[in-house]
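Here the protein sequences come in this chain order: A and B. What the first sequence shows, in my numbering, is residues 25 to 287, in sequence order. What the second sequence shows, in my numbering, is residues 375 to 716, in sequence order.
Accuracy of the hints is not assured; some may be wrong.
To be verified - With beta-carbon atoms standing in for the labels, derived distance ranges:
# : chain 1 : residue 1 : chain 2 : residue 2 : range
1 : B       : Val-704   : A       : Arg-261   : 49 to 59 Å
2 : A       : Thr-100   : B       : Leu-656   : 26 to 36 Å
3 : A       : Gly-196   : B       : Val-523   : 48 to 58 Å
No lab work stands behind these hints: they were computed from the structure. All values derive from a computational prediction rather than experimental measurement. We put the CB at the ideal spot given by N, CA and C, even for glycine.
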Amino acid sequence: MKLAARGLDYGFRDRVVGRGVDLAVGAGEIVCLLGPNGSGKSTLVRTLLGVLPPLAGAALLEGKPLGAWSGRERATRLAYVPQATATDLDFTLLEMVEMGRSAHRGAFSHPGARDRAAAFAALERLGIAALAERPFHRVSGGERQLALIARALATEAPCLLMDEPTSNLDFGNQARVLEEIARLRDAGAAVLFSTHDPDHALRIADRVVMIRNGGTMAAGATAEVVNSENLSALYGRAVEVAWVASGEGTPRRVCVPSSGRPS
Amino acid sequence: MARMPPSPRPRFALWMAASGAALAALAAWSLTVGRYPVGAADVFRALAAALTQAGGIGDNAQAVILDVRAPRVAAALVVGAALSGAGAAFQALFRNPLVSPDILGVSSGCALGAGAAVLLALPLAGVQAFAFAGGLAAVGLVVAIAARVGERDPLLTLILAGVVVGSLFGAGIALVKFVADPYNQLPAITFWLLGSFSGVSPADLGVALVPLALGIVPLWLLRSRVDLLALSEDEAASLGANVRGLRAAVIVFGTLATAAAVAIAGTIGWVGLLVPHAARMLAGAPFARVFPLSLVLGAGFMVAVDTACRSAFAVEIPPGVATAFVGAPVFIALLAATRRAP
Chain A
25 MKLAARGLDY GFRDRVVGRG VDLAVGAGEI VCLLGPNGSG KSTLVRTLLG
75 VLPPLAGAAL LEGKPLGAWS GRERATRLAY VPQATATDLD FTLLEMVEMG
125 RSAHRGAFSH PGARDRAAAF AALERLGIAA LAERPFHRVS GGERQLALIA
175 RALATEAPCL LMDEPTSNLD FGNQARVLEE IARLRDAGAA VLFSTHDPDH
225 ALRIADRVVM IRNGGTMAAG ATAEVVNSEN LSALYGRAVE VAWVASGEGT
275 PRRVCVPSSG RPS
Chain B
375 MARMPPSPRP RFALWMAASG AALAALAAWS LTVGRYPVGA ADVFRALAAA
425 LTQAGGIGDN AQAVILDVRA PRVAAALVVG AALSGAGAAF QALFRNPLVS
475 PDILGVSSGC ALGAGAAVLL ALPLAGVQAF AFAGGLAAVG LVVAIAARVG
525 ERDPLLTLIL AGVVVGSLFG AGIALVKFVA DPYNQLPAIT FWLLGSFSGV
575 SPADLGVALV PLALGIVPLW LLRSRVDLLA LSEDEAASLG ANVRGLRAAV
625 IVFGTLATAA AVAIAGTIGW VGLLVPHAAR MLAGAPFARV FPLSLVLGAG
675 FMVAVDTACR SAFAVEIPPG VATAFVGAPV FIALLAATRR AP
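Isolated chain A (complex conformation) (with noise of 0.2 Å):
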């Protein structure tokens, strides 16, 4: 396993969060991880960056506690995609994605050609390479979090974990940001994301982890464990899941919010 909690309580030094959580992510696999608001999510993907220490079970990358790890070690092998990265800097995407090759280099030394070839060619993985000179923050805010995606591509680290990667973007862009998670799967990648779109967790991830009220609420293969019962109790709202035809040929799920409280 890439990367992995064990009994994991999680929070801040005054509060927990959560308790007992349990998941595994594994190469060329995408786990999804599905919340409410407050649920702690995002708190959740902290400990896992080993940001956060765990309060009491294990974090663990590669086997080893996340806390076991040097920074610079924990940085090549696990990267991390923000939901966006706040600077009033004008970096270009080149610039941003650059960045991600400071894991492999020490305090006092100074990005080469290397680096540079490198963070282009992630730019290029994800299509995005004609950008390269343009400001960080003058393109579309999908082209900036595919950017994010490409500087965690450039540490080469081959567990990623994203939260809400998808959450400030358009309909359009989500969807590609998605495909490009499911090809970065598809080349070998460990993939865990967050998202507050069940319907990314019906379109890419192999398994979802469900945590509310402070502990899981149900993980597993993603057609077994999202459905209509459990997205219900999750989000406090009745929700189906449907099947429609789709154009890419086999018949797709999703979900559709109903009004009124789950039975």
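Dock chain B against the given chain A, drawing on the hints supplied.
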């Protein structure tokens, strides 16, 4: 298929070379400017004579160049460079191009220290030492407050603590002015608050160079790392950065450089805000380019401003006043240009 964009290095090297050459020319020209006429050729001869211990250009001219103008130009060079370099570092730390190096209260701390030293009738070296200590004390207080209360949003807490401490020390300065003797001490304090390069001796400069170098050199060594602070804390940590250590380093080294600069020449605003902004427009956002270019541009800007201040009018104008008169409109223009660009 998109092609890899050309490396920014040659263009950056060109900017550095051009601004370095302009800086050298500016500094040399500044030595010729003043009430006692000395030609450019004589300036070179005087400098060469000082280096080789050979015969010079006559006692008076030699003294004007080496004892009066050269220390002053040198002070303007290092103060401009230090304030601009520190400004670039603080702008990277706070992820915001509108931040100045005194955001953590270093200037008001320095000013209070200097004011207190004037009240105590200390000599200039004492004023500088008190100014430096006051600046460090103010920033130390800011950091201590932020460490106590700012677990959730450390950067915002730092800024707010800086505002509070800055205004507290400002009240202290007002008190010092209130109790100062209005005929001798008050003018000295006001003079210092507005900044000045007159009366800087080579010895003062030598002493201040130590903390200044202790600030600037580590920032230069860390120049490729500082950009990670522009990201969120989680992102920077995920890329292998020791965020707290790096932040502490930028605060400590930026403060050392700023406090040393303020101790030499008083509180001169705008330079540390304006110059890194200009450097960024020329060289892009990465700190590894903004920082060295800010040092050179800041040195040049400060020399140009001080030369104008001491020669444009019959009476010398304080450089802090001039930087504000130049800085405010230029900054508004820069801001408008930045916002208007597609």
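Hints and how they fare:
1. B/Val-704 - A/Arg-261: 49 to 59 Å: holds, 56 Å
2. A/Thr-100 - B/Leu-656: 26 to 36 Å: holds, 34 Å
3. A/Gly-196 - B/Val-523: 48 to 58 Å: Between A/Gly-196 and B/Val-523, where Cβ atoms are some 43 Å apart, the hint is violated.
The structure does not agree with numbered hint 3 stated previously, though it agrees with all others.
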